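Listed below are the residues making up each chain.
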Amino acid sequence: MKSVRVKKKIFSELFDKYYKRLFNYAVKVINHRDVAESLVQETFIKLWENIENIKDDERSIESYLITVLKNKIIDNHRKNKTQEKHLNLYKLNTEFTTDMNNVWELEKEIDDIYNSLQPKTSEIFKLSRDKGLTYQEIASLKNISIKTVESHISKALHTFRKKLKDYL
Amino acid sequence: MKHNLVEEVEIWAYVSKNADEVTRIKIENWKNSNNFDKELFNSIVKLYEVTEKNPFDDTIDIEEEKTKFFSAVVPANRKSRTIQKYLKYAAVVILFISIAGTAYQFLSNNIISLETGYGQEREIILSDGSVVWLNAGSKISYKEGFPRTIQLQGEAFFEVAKDKTHPFTVETPDNVIVKALGTSFNIKAYPENTYSETTLLTGKVEVSSKNYFEEKIIMLPNNNIRILKVDGTPLKTLIQNKQTVLAWRNGKIRFENAPFKDIANDLNNQLNIKLVFENTTIANSKFTAIFDKSTPIEEILEILKASKNFKYNLNQQTNEWLIK
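As you go down the protein sequences, you meet chains G and Y in turn. Sequential numbering of the first sequence, starting at 1, is according to the working numbering. Sequential numbering of the second sequence, starting at 169, is according to the working numbering.
Careful: at least some of the hints might be erroneous.
Once the Cα atoms are required to be at most 16 angstroms apart in a straight line, the calculated EDC-like pairs of lysine to aspartate or glutamate come out as [as the list claims (entries may be wrong)]:
| # | chain 1 | residue 1 | chain 2 | residue 2 |
| --- | --- | --- | --- | --- |
| 1 | G | Lys8 | Y | Glu231 |
| 2 | G | Lys55 | G | Glu42 |
| 3 | G | Lys8 | Y | Glu232 |
| 4 | G | Lys17 | Y | Asp229 |
| 5 | G | Lys155 | Y | Glu283 |
| 6 | G | Lys120 | G | Asp130 |
| 7 | Y | Lys221 | G | Glu109 |
| 8 | G | Lys147 | Y | Glu339 |
| 9 | Y | Lys221 | G | Glu13 |
| 10 | Y | Lys492 | Y | Glu470 |
| 11 | G | Lys155 | G | Glu107 |
| 12 | G | Lys7 | G | Asp56 |
| 13 | G | Lys9 | Y | Glu466 |
| 14 | G | Lys28 | Y | Glu220 |
| 15 | G | Lys28 | Y | Glu470 |
| 16 | G | Lys108 | G | Asp166 |
| 17 | G | Lys131 | Y | Glu382 |
| 18 | G | Lys108 | Y | Asp229 |
| 19 | G | Lys70 | G | Asp99 |
| 20 | Y | Lys307 | G | Asp34 |
| 21 | G | Lys17 | Y | Glu231 |
| 22 | G | Lys162 | Y | Glu466 |
| 23 | G | Lys20 | Y | Glu232 |
| 24 | Y | Lys307 | Y | Asp331 |
| 25 | G | Lys126 | Y | Glu217 |
| 26 | G | Lys7 | G | Asp75 |
| 27 | Y | Lys214 | G | Glu137 |
| 28 | Y | Lys221 | G | Asp112 |
| 29 | G | Lys131 | Y | Glu233 |
| 30 | Y | Lys479 | Y | Asp460 |
| 31 | G | Lys2 | G | Glu52 |
| 32 | G | Lys28 | Y | Glu176 |
| 33 | G | Lys147 | Y | Glu176 |
| 34 | Y | Lys234 | G | Glu109 |
| 35 | G | Lys126 | Y | Glu233 |
| 36 | G | Lys17 | Y | Glu339 |
Covered by chain G, per the in silico footprint, the following chain Y stretches (three or more residues, Cβ under 8 angstroms) [what the hints assert, rightly or not]:
| # | stretch |
| --- | --- |
| 37 | 225–237 |
| 38 | 329–338 |
If you are wondering where the hints come from, they were derived from the structure by calculation, not from laboratory data. Note that the coordinates shown come from a computational prediction; the quantities given were computed from them, not determined experimentally. Beta carbons are placed, not taken as given, at the ideal position from N, Cα and C, and that holds for glycine.
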């Protein structure tokens with residue numbers, strides 16, 4: 001059995017590694033910040049309780065976290081939907097589960113693409129996508145030519161379109 | 169090749185609405201031409217959609233989440249080595265988290281804060297059994313272990329558990345203090361508003377103020393006290409219908425003889441709609457109305473316009489409504 005001190009260190013690293021991705025995912029699926037935050041917290045608490053029983057490798061831990069979180073999201077969804085008294089609860093839940101799984105795969109894929117791009121390309125693409133800057137604005141911000149900005153964007157677009165071709 | 173005609177980067181600029189005029193016209197012409205590659209265009213639109221970042225991304229505080237987590241799984245100042253013991257605490261804390269939602273417990277000074285975002289409401293059961301319904305854009309905080317001494321910013325309805333030996337006090341940002349024994353009352357004290365007000369439904373409360381007046385005002389059921397921040401005068405009125413005061417708990421927004429600028433503040437808190445005044449006369453003119461929270465803003469403005477003369481239009485860039 002691991003000491004609390006060791007466990008705290010392990011969990012601190014797990015938070016750094018997975019918290020953001022799990023939270024982003026939960027928010028995307030349930031669209032509610034507070035609920036997403038609570039469910040991710042509960043997921044980590046469950047891992048804390050059970051970590052002794054899980055194989056000590058990255059893949060097992062990651063898949064444990066996402067499985068628990070998905071189940072929590074489904075529970076939460078069912079609870080809400082039962083209140084709305086839907087006629088075809090089964091169909092609704094199945095659709096929700098399928099959508100939910102797709103979102104996780106897609107989010108993971110997008111994360112991986114951002115990581116596989118050159119840091120500069122990622123950064124410039126995000127300035128365009130997330131900050132909504134024009135190529136001109138990015139060029140003057142980064143002190144590079146518009147042509148260079150365009151070539152980064154083009155590289156990013158090319159990679160995204162190739163790797164996400166099943167989704168686009 | 170189609171790609172000689174338009175570049176992917178140009179389509180991206182167009183789709184992400186950051187294209188210059190020349191590119192915009194070029195893409196629009198392309199869309200109407202025989203060379204239009206619908207598949208390419210749609211895939212870039214789709215790419216734009218799926219890469220959308222979640223709106224809270226920049227506000228995630230992993231360290232804070234860690235602190236919350238560790239305070240849940242590892243109880244402070246206990247040397248017990250058995251995991252079983254920790255699990256008991258963890259179970260309690262899971263319950264706490266699921267009930268309280270965002271209960272931020274700051275370890276440094278042990279202040280517990282609970283808040284609601286725009287358009288949110290929340291029911292909170294305090295450890296002494298008192299119940300607080302927190303309206304949108306509001307916050308309560310108290311020292312851990314002292315849930316009967318509360319700081320409130322915004323609007324909340326309190327149903328206080330009886331405990332004669334421990335008075336229940338609520339303090340607003342402008343230091344109005346409402347003291348109760350066992351009772352139910354509503355306080356509205358948004359910092360941006362021109363007034364703060366307390367309405368008593370049952371029981372008895374005492375209102376005092378560090379800033380505004382010396383005497384203590386005793387309130388009886390159905391009394392409403394509104395304190396204007398400009399001069400601190402307390403205005404006491406009898407409420408005719410308590411449902412009006414609690415309208416917000418039923419998904420309604422109410423204004424009673426409230427200046428337009430206070431209404432604007434309510435709309436901002438409850439619906440995240442920003443109004444900007446270009447005309448101070450209209451900003452200060454008063455309205456009485458009640459709306460469903462689902463009423464579109466255009467409809468609300470049209471109805472208000474029927475009684476006072478003003479013009480409004482939406483600034484698309486800033487997403488603010490200009491009132492003149």
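Tested hints:
| no. | hint | verdict |
| --- | --- | --- |
| 1 | G/Lys8 with Y/Glu231 | holds (13 angstroms) |
| 2 | G/Lys55 with G/Glu42 | violated (20 angstroms) |
| 3 | G/Lys8 with Y/Glu232 | holds (14 angstroms) |
| 4 | G/Lys17 with Y/Asp229 | holds (13 angstroms) |
| 5 | G/Lys155 with Y/Glu283 | violated (43 angstroms) |
| 6 | G/Lys120 with G/Asp130 | holds (15 angstroms) |
| 7 | Y/Lys221 with G/Glu109 | holds (14 angstroms) |
| 8 | G/Lys147 with Y/Glu339 | violated (59 angstroms) |
| 9 | Y/Lys221 with G/Glu13 | violated (23 angstroms) |
| 10 | Y/Lys492 with Y/Glu470 | holds (14 angstroms) |
| 11 | G/Lys155 with G/Glu107 | violated (20 angstroms) |
| 12 | G/Lys7 with G/Asp56 | holds (12 angstroms) |
| 13 | G/Lys9 with Y/Glu466 | violated (54 angstroms) |
| 14 | G/Lys28 with Y/Glu220 | holds (10 angstroms) |
| 15 | G/Lys28 with Y/Glu470 | violated (35 angstroms) |
| 16 | G/Lys108 with G/Asp166 | holds (14 angstroms) |
| 17 | G/Lys131 with Y/Glu382 | violated (52 angstroms) |
| 18 | G/Lys108 with Y/Asp229 | violated (21 angstroms) |
| 19 | G/Lys70 with G/Asp99 | holds (11 angstroms) |
| 20 | Y/Lys307 with G/Asp34 | holds (14 angstroms) |
| 21 | G/Lys17 with Y/Glu231 | holds (12 angstroms) |
| 22 | G/Lys162 with Y/Glu466 | violated (44 angstroms) |
| 23 | G/Lys20 with Y/Glu232 | holds (12 angstroms) |
| 24 | Y/Lys307 with Y/Asp331 | violated (24 angstroms) |
| 25 | G/Lys126 with Y/Glu217 | holds (13 angstroms) |
| 26 | G/Lys7 with G/Asp75 | violated (28 angstroms) |
| 27 | Y/Lys214 with G/Glu137 | violated (24 angstroms) |
| 28 | Y/Lys221 with G/Asp112 | holds (15 angstroms) |
| 29 | G/Lys131 with Y/Glu233 | violated (26 angstroms) |
| 30 | Y/Lys479 with Y/Asp460 | violated (22 angstroms) |
| 31 | G/Lys2 with G/Glu52 | holds (8 angstroms) |
| 32 | G/Lys28 with Y/Glu176 | violated (27 angstroms) |
| 33 | G/Lys147 with Y/Glu176 | holds (13 angstroms) |
| 34 | Y/Lys234 with G/Glu109 | violated (26 angstroms) |
| 35 | G/Lys126 with Y/Glu233 | violated (25 angstroms) |
| 36 | G/Lys17 with Y/Glu339 | violated (41 angstroms) |
| 37 | 225–237 | holds (count 7) |
| 38 | 329–338 | violated (count 0) |
In this structure, the earlier hints numbered 2, 5, 8, 9, 11, 13, 15, 17, 18, 22, 24, 26, 27, 29, 30, 32, 34, 35, 36, 38 are contradicted, and the remaining ones agree with it.
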